[in-house]
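Asks: All chains should be built: construct the whole structure from the sequences, respecting the hints.
2 protein chains.
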Amino acid sequence: MLNKNNRILVESIKRLLRRGATTNLRKIVNKTHAADLSIVFRSLSVAKQLQLLEMIRDTEKKGILFSELDEDTFAALSNELELEDIVEVLEQMPSDDVADLIGRLPEEKSDAILERMKKEGSEEIEGLLKYDDDTAGGIMVTDFIAMPQDLTARKAIERIQTEYHDVEMPFYLYVVDEYGKLVGVCSLRQLVVVAPETPLKQFMTRDVFAVGTDVDQEEVANLVERYDILAVPVVDENHRLVGIVTVDDVIDIFREEATEDILKMAGLGEGYIETQNVFRSTRTRLPWLLASCAGGVMAFFIIGHFEGTLHRFAFLAAFIPVIMGMGGNIGTQSSTIVVRGLATGRLNIRDIWSVVGKELSVGLILGLVYGLLLGSVAQLQYSTVMLALAVCLAVVCSMSVAALVGSCVPMLLARINIDPAVATGPFVTTSIDIISVYFYFSIATRFLGI
Amino acid sequence: MLNKNNRILVESIKRLLRRGATTNLRKIVNKTHAADLSIVFRSLSVAKQLQLLEMIRDTEKKGILFSELDEDTFAALSNELELEDIVEVLEQMPSDDVADLIGRLPEEKSDAILERMKKEGSEEIEGLLKYDDDTAGGIMVTDFIAMPQDLTARKAIERIQTEYHDVEMPFYLYVVDEYGKLVGVCSLRQLVVVAPETPLKQFMTRDVFAVGTDVDQEEVANLVERYDILAVPVVDENHRLVGIVTVDDVIDIFREEATEDILKMAGLGEGYIETQNVFRSTRTRLPWLLASCAGGVMAFFIIGHFEGTLHRFAFLAAFIPVIMGMGGNIGTQSSTIVVRGLATGRLNIRDIWSVVGKELSVGLILGLVYGLLLGSVAQLQYSTVMLALAVCLAVVCSMSVAALVGSCVPMLLARINIDPAVATGPFVTTSIDIISVYFYFSIATRFLGI
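Keeping their order, the protein sequence lines are chains A and B.
Just so you know, we're using the numbering used here here: the first sequence kicks off at 1 and counts up by one.
Just so you know, we're using the numbering used here here: the second sequence kicks off at 1 and counts up by one.
Hints listed in this document are in silico derivations from the structure and should not be mistaken for laboratory results.
Please read these numbers as outputs of a predicted model, since none were measured by experiment.
Any given hint could be a false lead.
Same chains, same label: a pair holds when it works inside one copy or across any pair of copies.
[What the hints assert, rightly or not] Once the Cα atoms are required to be at most 16 Å apart in a straight line, the calculated EDC-like pairs of lysine to aspartate or glutamate come out as:
| # | residue 1 | residue 2 |
| --- | --- | --- |
| 1 | 61 | 88 |
| 2 | 61 | 228 |
| 3 | 201 | 84 |
| 4 | 181 | 150 |
| 5 | 358 | 419 |
| 6 | 31 | 207 |
Replies: Rendered as structure tokens:
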């Protein structure tokens, strides 16, 4: 439904642009949500994008549009925009989104923008830029509601209405001591339910989840999901409240992390974007295939090593695809289970032996099932018992080793703090290919008595 | 960090249970968040679970614990619990979570529970049970704030404090007409900012996003993410407001859908759970491997068909793994890009020809690069120009066909409303294996002049 509507929108806007129907365009552009406009921008030339941008009356909307644009589209567009026009829009945006956008630009450009922006705002953004993109510090917003613990509920409500009326997502009121340290939290709902003269410290929750600025964004997202909270406070090394991560950003993190994991598992790196052109797409994918190519060349030399066997029994070659395929597929299953289990927190790296043991058992059982099946095929086709036995044993070995490698490697990588999703990519598949081929020919050579 | 803490918690609770240290256990259990207790429950026997459950004083906490438990764990536990104990807990839970829990139980059990529950509450839950689990109707909650449009802001605030003080997530106030039809929405913030005597209709937003009860949950989640809203109203066929889907449920949907896609892509079905025992895990994985096995057997017959060629040129076998591997890997890349692009809405099924065209070009270019590379390896090793040419051409064909199949199949499946993630699993890989092997031997037979 969403997709269809966007298609219609893109087409109408293109038609109106061709006709130069400025009045209608202006009407449509100002009525459409910025998130939808960002989709339209993706399929327009920069010149057309500038034309539409000028028609947007609401600067805040331009800001949302900027943060929704693809990295490439924004970079191209920002090259054509006047510095002061960019600054004007950025000044209306939440600080975390500004830091995010500026982080994507080349350094001279971002420095120039920061210089132009109002001193106060720019300091805040420079503060955010110093944190890593994917840590709590990098994704937090710095506008939150914080008040001293002796304030009464009535006073607190008054201050929210006067001082804090433009806080982006006012879910919680954080309570801080005289040094800015986080000591408690209360919900806005509690505020209206208690007697107006109750001081905050009497009804606030003292047991507050908080994360340090350097905590990984995935962990922050897990906290939000786990405890169904709407915002997580972020504190510095002295437990002073410096920002909050809100639920809307957490949704983006989950999407982002899931996409990253999926892309890495398919050997596409983490930065792959569908809108890349053919040349860039080729360049991104080339190195990942190199692993698979190198593995293939190794398998080539292994088979070459058994050329004598092959000369006598050419039919052995016919089983290479099925043995490689079975090993590869069960290996992918095992590593996917482990990688996703670790990502969602359902598996723990300390359970390594029970997980690997279970996968190995599954690999053995499935190996026996399919080994017997494929051994029977061999027997029916060639009526050579030793060949049938060799195929059966090769399938058992290949599938159990594949399950072992597929579950072990991501566990070990996670233990030494390397992202396990990378392991599910071509690396695991390729090593399983090599191992399978080696086992198969070794077993066959011995069984057929060469 | 989360993982480590949980580990410590699980171990301390097990130790205390062994020692029978009831006082300490009671203290720990009541201090720990229900979400964390659910992790502890996963590694305890049902008897121990019951022991801990009895110690929890807060019935609402028991409810959160119930909804956080794995399907298997909850089913086993509920078998041992008295019906009235279950009902007591369910009565304290939000209706969408109750419907979700009850939906997992066998029918006699769920009927008995529904009968016992208070008439009013149960009707609401039976209402929710009639919607599909993964539609807007199935995930919505029925407690929301709705008021008539002529009410003033002051009256609205009063009613929120009196009638609606236990609404789960009070982000928005929905405005309905005399028939219950949704006509507008305003945020709680707007309510405190306008003059107290302003009627709602004067400042409400009339342009409200709403979804029907039968809209797929993934689409609802996309709306929330796209427009950064905290709740989506759900309406019936007469545009009457019947519920809302809140942002906390959307996070769960994203997790769930991403996990489902990843599992399907690896050929694990959508319901795979890490906690399955070896036997169930084997049973879930067996049928998916059958596709790969059947494909392997087909490849076996294809190669058997070329046995004459193989007898004369046994070394041809040595290139099977690398040709299959390169095709398989680029095919996985292509289908992953398409599947994830469709899931996140960045690709549209109507763009099929441009997407497939691009993938085919990438496949051709990468095929040429690796074809030349592997052709050179063949030339260096065997000094047979025709063999080198055959390998090169086979790689080019295999990789471009793989990119074509990998991108085309999920697009076509999406078009006929079959989940494209299934296609990225063993099916695409296996067909690519077969095609690659066939091309390779046909080309080699022709080139080597047999």
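Asks: The structure should be examined with respect to each hint, and the outcome stated for every one.
Replies: Going down the list of hints, with the structure as the test:
In this assembly of identical chains, residue 61 and residue 88 lie within 16 Å of each other by CA distance solely inside one copy; the values are 12 Å within and 49 Å between copies. In this homomeric assembly, residue 61 and residue 228 come within 16 Å of each other (Cα to Cα) only across copies, at 13 Å, whereas the closest approach inside a single copy is 29 Å. When the C-alpha separation of residue 201 and residue 84 is checked against a cutoff of 16 Å, the pair qualifies neither within a copy, at 46 Å, nor between copies, at 39 Å. For the homomeric pair residue 181 and residue 150, the shortest alpha-carbon distance inside one copy (14 Å) is at most 16 Å, but the shortest distance between copies (45 Å) is not.
In this homomeric assembly, residue 358 and residue 419 never come within 16 Å of each other (Cα to Cα): the closest approach is 22 Å inside a single copy and 30 Å across copies. Taking identical chains as interchangeable, the C-alpha atoms of residue 31 and residue 207 lie at most 16 Å apart only when they sit on different chains, with a minimum of 10 Å there against 44 Å within one chain.
Hint compliance for this structure: hints 3 and 5 are not met, and every other hint is.
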